[in-house]
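*Asks:* As given, the protein sequences belong to chains A and B, one line each in that order.
Take 1 as the starting number for the first sequence in this note's numbering and just add one per residue.
Take 1 as the starting number for the second sequence in this note's numbering and just add one per residue.
These aren't lab readings, by the way, just hints derived from the structure by calculation.
Take these hints with a grain of salt, some might be off.
Treat identical chains as interchangeable: a pair holds within one or across any two.
[To be verified] No more than 20 Å apart at the CA atoms, straight line, and that leaves these computed lysine to any residue pairs for SDA-like:
#, residue 1, residue 2
1, 292, 197
2, 292, 92
3, 292, 124
4, 292, 72
5, 292, 305
6, 292, 76
7, 292, 30
8, 292, 81
9, 292, 80
10, 292, 317
11, 292, 231
12, 292, 74
13, 292, 239
Number of protein chains: 2
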Amino acid sequence: MSGPRTPGFAWRVLGQDANARAGVLTTPHGDVPTPTFMPVGTQGSVKTLAPAEVAATGARIVLGNTYHLWLRPGPELIDSLGGLHGFTRWPHAMLTDSGGFQAFSMADRRSVSEDGFVFRSHLDGSRRALSPEEAMRVQGLLGADIAMQLDVCPPGGAPRDEVERAVAQTTRWASRCLASRREGQAVFGIVQGGTHVDLRRAHADELGALPFDGLALGGFSVGEPVESMHAALPEVAPHLDPERPRYLMGVGTPRDLLIAIGAGVDMFDCVLPTRNARNGQALTRRGPLVIKQARYRDDPRPIDPECGCGACRGGYSRAYLRHLFLAREILVLRLLSEHNLWLYGEIVAGARAAIVERRYESYSRGWLEGLSEGQ
Amino acid sequence: MSGPRTPGFAWRVLGQDANARAGVLTTPHGDVPTPTFMPVGTQGSVKTLAPAEVAATGARIVLGNTYHLWLRPGPELIDSLGGLHGFTRWPHAMLTDSGGFQAFSMADRRSVSEDGFVFRSHLDGSRRALSPEEAMRVQGLLGADIAMQLDVCPPGGAPRDEVERAVAQTTRWASRCLASRREGQAVFGIVQGGTHVDLRRAHADELGALPFDGLALGGFSVGEPVESMHAALPEVAPHLDPERPRYLMGVGTPRDLLIAIGAGVDMFDCVLPTRNARNGQALTRRGPLVIKQARYRDDPRPIDPECGCGACRGGYSRAYLRHLFLAREILVLRLLSEHNLWLYGEIVAGARAAIVERRYESYSRGWLEGLSEGQ
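So that you can see chain A by itself, here it is in the shape it has in the complex (with noise of 0.2 Å):
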């Protein structure tokens, strides 16, 4: 299949560096180029930033959670005052999980029945029930650019048969959410298989056949030991249709983007840059500074010289900055959380410049030796 299936909605290849590629996805609040790096806004907002600050760091994609803005404040209200794009005040694109994810891992007293999940709020103890209807539904009412399909994504580790019915269930639900999509609304399938290979593939092949969007890799980064998502990225990701975007759901550190791009990814989320920036740690390209240290008690120095960010632009010093992290000041969160971010657009944006100039393996290992150096 090929060609726009949601009005509004379309992905083309700029350029191929071996498996990488670069792209533009065209969304009905504007052109996100690929790869590109998704920040999560778990709750309607990315923690700490406005909307701009996001935007600054090259950011024209963001992901919120259907599960917390179901619970809270719910998608009935979103709806009435413009969806999240009106009321979150991110003019650019937007994609929105199911929800199944952290129904199954936030919720209290969860099951899994052909039906969907069925579990209890973690804020009020209500019993909620999430089938592939209402997670269309919810999703539509938020209104982001990409609603994801439920899917069942076992942990790292499960046994294969668990892996196998967990594959067939997503593909059942699969066809149900494509069924009750909001118009307009383009849809995302979730491959799962865990680091099985041949599961991966075929699961790859039957979504690829339904009219979704795109394709997503769920079920990674999910508790296995790393090196194996690293080593089955390269023999799945390709096998993805190339005429789609592919993204890969959750993931990861700067090292884990660098190979999934060389890959074939294009699309990437996590809160690992701004979680880990509330807990004190800068992401630089020589690795993490964790700015509490007590080497850094009197440096003068910016967290990266040669970062553009606003943090390091703005002349704080690693000594001012370790000052505010000591005595919880919420400024240093919205630096670090600044901070973090701007690297991650940095290495997408020069993983886009590097595949189009057919470089990418030089880049890409050009920062894997930075980030392993250390401060």
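Based on these hints, arrange chain B on the given structure of chain A.
*Replies:* Same frame as chain A, now just chain B:
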């Protein structure tokens, strides 16, 4: 006495309307139009906000708390990193308090003697001694444009003889502070006397005879009924040397500012706008708005349609801000902090214009009526 006392520091009147004055405070870090409100940067950061956001509210001077910065990260470290200006990247004027008030209110096992305060740090229990000379040494290292003398501040409702002893002690410390000041740093004296107008006036005369660059009113808003302060201010503030700026410490609400400006006060500081913001209270020209209230659940309006702050101009609805507050998202603390400081900036900017145009009485009355309207 008249004319500048410290090189690079001056204050001149641009207009007067009854007791209210509009002027300009000249400092080594730029001019500060008065009346002015100083946002409080307790630990080297106006909580939740970046310097440019603070300046956007109209603030051209902020206050740093010597007690906190003395204990952590320490004045020597701050001095080595360019003083508070270099450390925090605030480019405009800055004032530090003496540390005495917080040493007495926050520390453990504190005592006061002729030589100053002795106390245990609230952070690590270490024994600290804050003499007039140490207060000036620490403030000299912090390097703000304006330092405050060490004073004794009795609680509201203290017996008259305790207030008299505090006044006398403050006067003796005044001379010691001036004798140990850092060259080039302006120093303000602090008039005590509680709500006793005769004590206040006598103390104002005593301190006015010393070469302070400005005179402050300490010991207001320390537990006494607010009506007592409102009644005392017009009896006391005009009695302070009119050729020097007058600073009402730790005050206050929008209503307090309007009344004190009418009594001839030029400078204010208070944690109220930023602290109340973090508690979910937006201050508006129609009084406070408690963002978590259910009435704002689906309210599409900004906090204040007349406000020009980033939160109100940015299109964030009350419903969205309420959601963020209930979800404990940091962004709402920033937006409310910016909004509240913006309101304070508007009050003092409007007061300056009204004073020059000799219509302060009606300006103040208009605000006071609006503030009591309610949401």
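*Asks:* Within a copy, between copies, both or neither: where do residue 292 and residue 74 come within 20 Å Cα-Cα?
*Replies:* So residue 292 and residue 74 pass the 20 Å test across copies only (16 Å; inside, 38 Å).
*Asks:* Please sort residue 292 with residue 81 into within, between, both or neither, judging by C-alpha distance up to 20 Å.
*Replies:* between (41 Å within a copy, 17 Å between copies)
*Asks:* Can you give me the call for residue 292 and residue 76, within, between, both or neither, at a CA distance of at most 20 Å?
*Replies:* between (43 Å within a copy, 19 Å between copies)
*Asks:* Within a copy, between copies, both or neither: which one fits residue 292 and residue 239 at a CA-CA cutoff of 20 Å?
*Replies:* Classified as neither: same-chain Cα gap 44 Å, cross-chain 50 Å, threshold 20 Å.
*Asks:* For the identical chains here, do residue 292 and residue 231 meet the 20 Å Cα criterion within one copy, between copies, both, or neither?
*Replies:* neither (35 Å within a copy, 49 Å between copies)
*Asks:* At most 20 Å between alpha carbons: which applies to residue 292 and residue 305, within, between, both or neither?
*Replies:* Within one copy only: 19 Å inside a chain, 42 Å across chains, cut-off 20 Å.
*Asks:* At most 20 Å between alpha carbons: which applies to residue 292 and residue 92, within, between, both or neither?
*Replies:* For residue 292 and residue 92, the Cα distance exceeds 20 Å both inside one copy (35 Å) and across copies (28 Å).
*Asks:* At most 20 Å between CA atoms: does that hold for residue 292 and residue 124 within a copy, between copies, both, or neither?
*Replies:* between (36 Å within a copy, 17 Å between copies)
*Asks:* Tell me, please, which holds for residue 292 and residue 317 at an alpha-carbon limit of 20 Å: within, between, both or neither?
*Replies:* Answer is within: at 13 Å inside a copy they meet the 20 Å cutoff, but 36 Å across does not.
*Asks:* First find the shortest C-alpha distance between residue 292 and residue 30 inside one copy, then the shortest across copies, and answer within, between, both or neither for a cut-off of 20 Å.
*Replies:* For residue 292 and residue 30, neither the intra-copy (39 Å) nor the inter-copy (34 Å) Cα distance is at most 20 Å.
*Asks:* Regarding residue 292 and residue 72, is the shortest C-alpha distance of 20 Å or less found within a copy, between copies, in both, or in neither?
*Replies:* between (34 Å within a copy, 13 Å between copies)
*Asks:* For the identical chains here, do residue 292 and residue 80 meet the 20 Å Cα criterion within one copy, between copies, both, or neither?
*Replies:* For residue 292 and residue 80, only the inter-copy Cα distance (19 Å) is at most 20 Å; the intra-copy one is 44 Å.
In summary, the numbered hints that this structure violates are 1, 2, 7, 11, 13.
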